[in-house]
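Undergrad: Using the sequences provided together with the hints, build the complete structure.
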Amino acid sequence: MNEATLIEKLIKIEALFAGATTEGERTSADLARQRILQRLAELIPEDPPIEYKFTFGDMWSRKVFVTLLRRYGLKPYRYHRQRYTTVMVQVPEQFVDETLWPEFQKINVELSAYLQEVTDRVVRQVLHEDSSDVTVVDQPLLIPDAKDANAGPIQPADSETTQSQKVPKSNSSKKNKKKKKRKKKNRKR
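Counting from 1, position 48 in the sequence shown corresponds to residue 47 in numbering that gives the first Met the number 0; the numbering is continuous, with no gaps.
If you are wondering where the hints come from, they were derived from the structure by calculation, not from laboratory data.
Mixed in with the good hints, there may be bad ones.
Straight-line distance between alpha carbons at most 25 Å, and here's what the computed SDA-like set of lysine to any residue pairs gives [said to hold, decoys possible]: (1) 52 with 92; (2) 74 with 97; (3) 62 with 80; (4) 74 with 33.
Label pairs and their calculated CB-CB ranges [to be verified]: (5) 48 with 84: 19 to 29 Å; (6) 76 with 56: 15 to 25 Å; (7) 57 with 134: 19 to 29 Å; (8) 138 with 43: 55 to 65 Å; (9) 121 with 48: 38 to 48 Å.
Heads up, the beta-carbon is just placed ideally off N, CA and C, and yes, glycines get one too.
TA: Pasting the structure below:
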């Protein structure tokens, strides 16, 4: 799929949710948007807006959703201390159920497929032709002196470099000893 095909699909998705009836409406993104805005305006008096909280797992989905909200004149926000992936909006429930969420899902599927395709192609061309997923194994491989990847930097094998680049031990063991001493004191009291 190329970029022009993706744009054409997204325009068709919006036209579908606008209830386009003629071929001209199906190809006109602006008319589709106007119909959706009109439907939203008609819903507000009979179905007052309520606050919704949406949480997204990736920045692309969040960006698509926020842009879709703004396209329909809705004002996305988040409260202080909410995560960046959280989007709040006040919108009629019927609009969310019948238009906003289904349209977002279809657009997101198409855009995600496109991004996945582009990413795979670039990774294969630039980094390595095998961009497949990792192999799933039943048991951990037995590697002598294996270190946890999150434990800190891996030290070089030669002794000269190792001597000059030693990483100091963490204070976590000292802190644990202090905690144990405090607990013993509290038990004695």
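Undergrad: Does each hint hold? Answer for all of them.
TA: A quick look at each hint next to the structure:
| no. | hint | in the structure |
| --- | --- | --- |
| 1 | 52 with 92 | 12 Å, holds |
| 2 | 74 with 97 | 19 Å, holds |
| 3 | 62 with 80 | 19 Å, holds |
| 4 | 74 with 33 | 17 Å, holds |
| 5 | 48 with 84: 19 to 29 Å | 22 Å, holds |
| 6 | 76 with 56: 15 to 25 Å | 20 Å, holds |
| 7 | 57 with 134: 19 to 29 Å | 24 Å, holds |
| 8 | 138 with 43: 55 to 65 Å | 59 Å, holds |
| 9 | 121 with 48: 38 to 48 Å | 41 Å, holds |
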